[in-house]
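Work out the full structure: start from the sequences and follow the hints.
2 protein chains.
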Amino acid sequence: MAELKNDLILRAAKGQSVERTPVWLMRQAGRILPEYRAVRNSLSGFKELVETPELAAEVTIQPVDILGVDAAIIFSDILVVPEAMGLTYEMVEKKGPWFPKTISSENDFANIRVADPNELDYVYKAIEHTLAGLNGRVPLIGFAGAPFTILCYMVEGSGSKTFSKARKMIFQRPDLAHKLMDMITETTISYLHAQVDAGVHMLQVFDSWAGILDKDLYKAFSMPYLERIADSLSSRVPLTLFAKGAHFSIDDLASTSCRTIGVDWNTPPAYARAQAGPDKTLQGNLDPTVLYADGKEIAKHTIKMLESFGSEKHIANLGHGVYPDTNPDSVKIFIDTIKSYEHDKNQ
Amino acid sequence: MAELKNDLILRAAKGQSVERTPVWLMRQAGRILPEYRAVRNSLSGFKELVETPELAAEVTIQPVDILGVDAAIIFSDILVVPEAMGLTYEMVEKKGPWFPKTISSENDFANIRVADPNELDYVYKAIEHTLAGLNGRVPLIGFAGAPFTILCYMVEGSGSKTFSKARKMIFQRPDLAHKLMDMITETTISYLHAQVDAGVHMLQVFDSWAGILDKDLYKAFSMPYLERIADSLSSRVPLTLFAKGAHFSIDDLASTSCRTIGVDWNTPPAYARAQAGPDKTLQGNLDPTVLYADGKEIAKHTIKMLESFGSEKHIANLGHGVYPDTNPDSVKIFIDTIKSYEHDKNQ
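Chains as they are written, first to last, in this note's numbering: chain A, 176 to 522; chain B, 176 to 522.
Since the hints were derived computationally from the structure, they do not count as laboratory data.
Zero decoy hints are in this set.
Chain copies aren't distinguished; within one or between two, either way the pair holds.
No farther apart than 25 Å at their CA atoms in a straight line, the calculated lysine-lysine pairs in the DSS-like style are these:
| id | residue 1 | residue 2 |
| --- | --- | --- |
| 1 | 340 | 394 |
| 2 | 336 | 269 |
| 3 | 390 | 475 |
| 4 | 270 | 336 |
| 5 | 340 | 269 |
| 6 | 514 | 189 |
| 7 | 471 | 340 |
| 8 | 180 | 507 |
| 9 | 390 | 354 |
| 10 | 222 | 300 |
| 11 | 189 | 479 |
And the structure:
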């Protein structure tokens, strides 16, 4: 594999000193780029893009070329895991994912299984294509959804404001909920190992719906599975946990073997650092809507963010995925502000 | 007006000592009760119920009779305010509110005005009917949406996971956003005064979408308007601010003249108390999905909540509106557990 020319993000994740703060954006490979839309519109749908390694690699690399980010993240979807387990999904335009079959009772387990990681072969092929295309320019991030977030979709069948069906299962059938979490976790661990085998340099686990639980329930119900994932993978590559909305659980996340904790834009950096302790790297957390402002305002907020997190153990990012109607020029201002900023190391 | 036989909630709100913790539920008048559904199904739609004072009063009183709560809250909707300002809304079954016209540019302001509070006369009539029907059994709570949450709907035109259009306006046209906030605030203040004139004993302001802003933006953009509302009303009746998701702003909310701060279920009670300081009353915060569990589990979580908040300056509630498919018997267990619980006052 080509030697890395830019390993800023890996060093930041490991807590090593860096010349400047590295930066990437969640959803950087996507609808913000006209170049992405051109590829996407040539296909029948989102899933065709996810499942076609050459094209997935192409859109993965686009933000490295066009925006100048310090890492690529493989273009895929967290829902490939439930699909490999037996629940296929459809991506409905403007509405989001939809699962024709869901898990609501004991009988529904007949439809699912712990997946053979080889079923997601197209992801590893996309990783290999991407690494060849990147040729060492920047590291490549692999990812998966956290078991709780995947359970939410498998039980609910679609997005939801409250995911009350999923939460109902936790309270009414904790045995089924834990059985499902266990199956998702086993699948996820072998899937992430296969991504590392294929060559990704780091991993991120997205617990997108963490914020609908409270601290105790998150600790009891989600944390043990996140710990299993972190413990299995952390010795191989640096792993980031991003539990969106779980401001109440940063201390628990910090107790795992992950290296980096994602911080959403609602969580003040100083609070996140106090909760996480001094050792972990923090990632985030500009409000994505700041990128709707003018350039001066974007630079101001970006610098404030950099100063709040400090010069080390920080990976700059937004506090959420970049919104699809964001102007790429505004993203460039965000990135360029970070790249040209010099921390006052004497402070 | 009939003398109040049960003023627990008012005393708790004022920080006075109480024999036991008072309890009510957000959305207690609603789809959880078969008696509500019977009234609702006899009508053409949700709005007919909101706009018919005798029926709005009937469903407002139902949870007092059936569930035994310590307060009624007038059956209405936060969206009557934007409607009175000129933007009518429709309540689309299973989808939520929808505004045919929205505010996205300067020109759209031609469609709206600071409302004459008399346009919401049906609400005050519903309050009068309710007070007659309650005959002093429990206090009646009036309410309105917070200006930021109302702006979200007026700009976005419907519910949204991100309200990115509303947040875009804040960054791209702060002048328009503040102009709109000002108009909503003026309307809301006169609307809430008219509710107090009609006889409500306390008020709650719901900032349902507070959690999509960060601390600085919430402070700059939402707090000044909440302060104006609190300052104008707090000398008349105790006022509660419930900024859902704004765990980061509890200290700011506590700096206003409100008496009570609503706490969502994600925010640990000890954290809320530390942020709010010792003076304010806190309201909340059981996870609504706990009511899906069996009776023993519900009682256990309810007692844990009571012990976390302590015996004074606490109004028991859920941390969000009760979910429509909740069994009323489970709500009864929640309420009865609170009513029969004796705090160890020596601790």
